[in-house]
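J.: Quick mapping for you: the protein sequence lines, in order, are chains A and B.
The first sequence begins at 8 in my numbering and counts up one residue at a time.
The second sequence begins at 8 in my numbering and counts up one residue at a time.
If several chains are the same, the list does not tell them apart, and a pair holds so long as it fits within one copy or across any two.
Result set (EDC-like, lysine to aspartate or glutamate): computed pairs, CA atoms no more than 16 Å apart in a straight line: (1) Lys-19 x Glu-275; (2) Lys-19 x Glu-49; (3) Lys-274 x Glu-49; (4) Lys-305 x Asp-437; (5) Lys-490 x Asp-186.
In short, the hints are calculated from the structure, not lab data.
2 protein chains.
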Amino acid sequence: MSAYDDLMAFQKETEALGQVMGRLGWDQETMMPRGAAPQRAEEMAALEGVLHARRTDPRIGDWLSEAHAPDEVGKAQLRLITRSYERASKVPADLAQRLAKLTSASQGIWAEARADEDVAAFLPTLKEVVALKREEGAALAAGGDVYDAMLQDYEPGASAESLSAMFAALRPRLTTLRDEVMASEQPADLDFDFDEGKQMKLTRKLAKAFGYDMSHGRVDKAVHPFSSGSGQDVRITTRTSPRDPFNCLYSTVHEVGHACYEQGISKEYLLTPLGNGVSMGVHESQSRIYENQLGRSKPFCGWLYGQMRDTFGDFGVADEDAFYRTVNKLRQGFIRTEADEVQYNLHVLLRFDLERALISGDLAVDDLEAAWNDRFASDFDFEVDKPSNGVLQDVHWSVGLFGYFATYSLGNVYAGCLNEAMRADLPNLDEALAQGDPTSATEWLNEALQRHGGLREPRATIAHACSGVDPSEERLLMYLEDKFSKF
Amino acid sequence: MSAYDDLMAFQKETEALGQVMGRLGWDQETMMPRGAAPQRAEEMAALEGVLHARRTDPRIGDWLSEAHAPDEVGKAQLRLITRSYERASKVPADLAQRLAKLTSASQGIWAEARADEDVAAFLPTLKEVVALKREEGAALAAGGDVYDAMLQDYEPGASAESLSAMFAALRPRLTTLRDEVMASEQPADLDFDFDEGKQMKLTRKLAKAFGYDMSHGRVDKAVHPFSSGSGQDVRITTRTSPRDPFNCLYSTVHEVGHACYEQGISKEYLLTPLGNGVSMGVHESQSRIYENQLGRSKPFCGWLYGQMRDTFGDFGVADEDAFYRTVNKLRQGFIRTEADEVQYNLHVLLRFDLERALISGDLAVDDLEAAWNDRFASDFDFEVDKPSNGVLQDVHWSVGLFGYFATYSLGNVYAGCLNEAMRADLPNLDEALAQGDPTSATEWLNEALQRHGGLREPRATIAHACSGVDPSEERLLMYLEDKFSKF
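Required output: the full structure, derived from the provided sequences and hints.
T.: Written out as structure tokens, the structure is:
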């Protein structure tokens with residue numbers, strides 16, 4: 008066995024154990040009996056210990072120094088292993104352990120504080136999280152920019168500077184567009200009880216229509232929709248609410264986008280570093296293009312309207328056009344995850360600016376709520392009414408995910424680029440979507456992007472899929488301005 | 008930290024990882040999408056590698072040589088860790104790996120051979136399994152008896168000699184009893200379609216009645232009923248068949264017996280060696296006493312008859328007495344898992360004798376089918392009609408479980424002892440069972456046996472629960488002769 012083969016064999020086991028960890032997370036959110044939580048925490052901590060020891064195993068360094076990649080794919084494998092090894096080796100074991108313990112406990116404290124609308128109860132913990140994440144970031148940055156170092160965990164190659172430029176381009180045009188659309192008359196809200204069993208039946212039909220492979224996945228209900236796993240076992244969850252069928256249906260299509268990316272990666276990369284989605288931003292490009300550019304398009308909404316009439320009977324929406332406007336309705340809202348296509352990135356931008364200030368030290372944790380509320384009022388023109396609609400709404404900061412939020416917007420921007428390239432190649436796509444058939448689009452995305460997994464860096468992954476054109480937010484803006492100017 | 012503390016901390020992580028392995032097995036049988044099987048095999052192999060490395064970690068030897076147990080519980084912990092470490096250290100890593108690989112593949116080969124009724128397709132693999140298990144047994148025996156060494160994996164303290172004596176006492180009286188009962192008129196078979204959804208509803212009610220804690224467990228359907236997990240997360244499966252509701256209901260009560268044992272172990276022993284059922288035989292004593300001495304008792308059957316009438320309406324059984332006789336009906340059958348209380352142990356005995364002969368070399372694998380069929384005809388007075396009803400019916404040998412079968416009968420014998428001791432303490436038990444309430448019995452079993460986990464050796468565990476009386480098959484025989492002589 009060569010050093011390369013030894014390394015890849017070792018890595019395969021680590022990837023397999025990483026999949027086990029993901030499965031435990033899925034089980035916890037879907038199947039686990041409530042009383043098992045303390046034991047599950049011990050199980051996950053033990054497995055995390057095993058994974059951490061493997062990721063920092065000094066033999067990896069030895070193998071890397073001797074390994075010769077047999078081809079371009081092998082070079083990409085070594086690049087990802089090197090990155091992961093260097094990352095793991097930079098963080099002292101003691102710090103990694105303290106962070107794991109703290110963020111495991113702090114999620115519960117955040118959830119309780121949110122339920123109690125009690126920001127003060129969460130702030131001492133958040134201070135500790137920020138302090139430890141800054142310590143970790145400094146270790147990772149090794150003299151460079153701390154926040155940039157954090158970004159690499161989610162979006163290799165991204166920088167605060169490039170993201171700031173992206174948001175600077177997005178903000179004025181999105182705000183203008185939002186104000187224009189909101190000034191015109193908006194469709195009424197749905198007023199109908201949608202049977203939850205029928206929602207799940209239709210949601211499974213949608214999942215299959217978008218190419219989700221049920222022989223390598225399954226759909227369950229959970230409090231929060233998510234996708235979990237890579238390779239041959241990629242599971243999704245959704246949720247139902249009797250008054251809001253779109254929550255179920257579009258959560259499903261969103262998660263199917265994530266899941267199809269993982270399911271669609273070349274079988275040759277199974278249980279290797281290349282066998283996972285390349286970054287959070289690229290992942291989100293898949294979930295968002297499935298959900299929005301395809302799922303919320305006018306032709307697809309026309310087909311979905313018929314499906315919903317067949318499933319639920321007359322639910323009080325007159326025709327396809329009214330249905331399309333209802334699906335894409337803009338509304339004043341506090342919650343990022345419920346935001347429409349136009350306003351979503353404004354929610355993200357608020358978080359991006361605030362978390363950078365927290366990490367740089369320009370904003371004290373004690374001042375965070377006031378800063379959030381001021382910024383929200385100025386960006387959205389109405390006031391936050393309670394912490395669960397404001398600074399306590401997202402789990403991310405409680406578990407130390409600083410640098411993550413921007414990848415949501417990056418995903419939207421990438422989806423805009425991919426949509427333009429895809430539609431140039433597929434002139435008849437709208438006719439197929441009007442028949443409820445996104446197959447040509449999902450096949451295009453698989454061929455152009457999904458099957459390559461981690462072969463190229465994130466931006467290069469998008470550029471490769473777009474005939475070499477470097478991604479830009481201009482594509483997303485043009486798509487949104489075109490779509491919503493017609494309302 | 009003392010050596011004892013270090014050892015126990017290490018052991019706790021190993022126990023937690025062992026629970027993760029169990030959860031993967033549960034997922035595979037209940038939730039996993041079909042196409043995920045190859046990846047799951049890699050995941051389980053990687054985790055098995057981690058567990059094997061931990062179980063043979065030389066630090067365990069160092070800690071054990073320095074550790075001082077703080078109390079009797081600590082001494083029991085060290086005793087179990089020592090046994091596991093010595094066992095793992097005796098088997099060369101290479102042999103352990105070859106066995107793991109072989110038995111992982113051979114289960115599929117057995118399943119296919121069984122489906123095809125093709126014994127010859129399975130024999131080459133079985134030969135390899137027998138050869139490797141003999142090699143492993145010789146390593147474990149270190150000069151002693153190979154089969155006795157194998158028994159220790161399932162029933163520490165058991166020997167072929169003591170089991171032979173047990174079976175020698177059981178065989179003539181069970182055969183006589185069987186012949187007597189079968190000579191009298193047997194009740195008709197059920198002839199009704201039992202709604203499977205209603206079966207599951209009633210089965211959950213039964214599970215709760217027997218004390219199964221749903222906040223630390225769950226009931227799902229699977230091809231084969233099983234119980235999985237220890238401590239705070241103990242899940243069971245059952246199955247439904249429209250023509251045979253007893254399959255569902257009594258599988259559930261059986262698995263609830265296993266599960267309540269695990270759920271009922273003292274919380275102090277969570278994720279320690281004492282926190283698991285002490286042996287297969289003692290485990291089976293719990294499943295069998297729940298299923299038979301409690302669940303198939305006349306008063307409980309009376310209550311269950313009412314429940315089934317309420318659930319399914321008139322299903323063609325006239326009264327409680329006829330129902331009791333139907334539940335306990337003896338019939339000619341090929342299949343061990345479907346056998347009645349009287350004949351079950353005769354099925355086990357056949358396997359015990361044949362596998363001892365296989366391991367000693369007195370019986371060649373090529374002659375196994377003929378030996379099975381001859382023995383079956385002589386023990387049961389009718390002929391095996393096809394391999395799936397004969398030598399290919401059980402999975403055990405294909406996965407190398409030699410020494411396991413006898414623990415089923417040992418469990419029945421132990422259940423007989425426990426039943427006598429329990430009834431002496433609970434004179435009003437039958438009245439409670441007639442109300443569908445086995446609580447006093449399950450509490451007695453928890454107090455006398457379940458909560459102690461692995462504190463005492465298996466026979467001592469039973470003796471402790473029975474006021475110090477050493478277990479004997481006489482109790483089971485008297486119970487069976489009393490019960491079935493009244494038919």
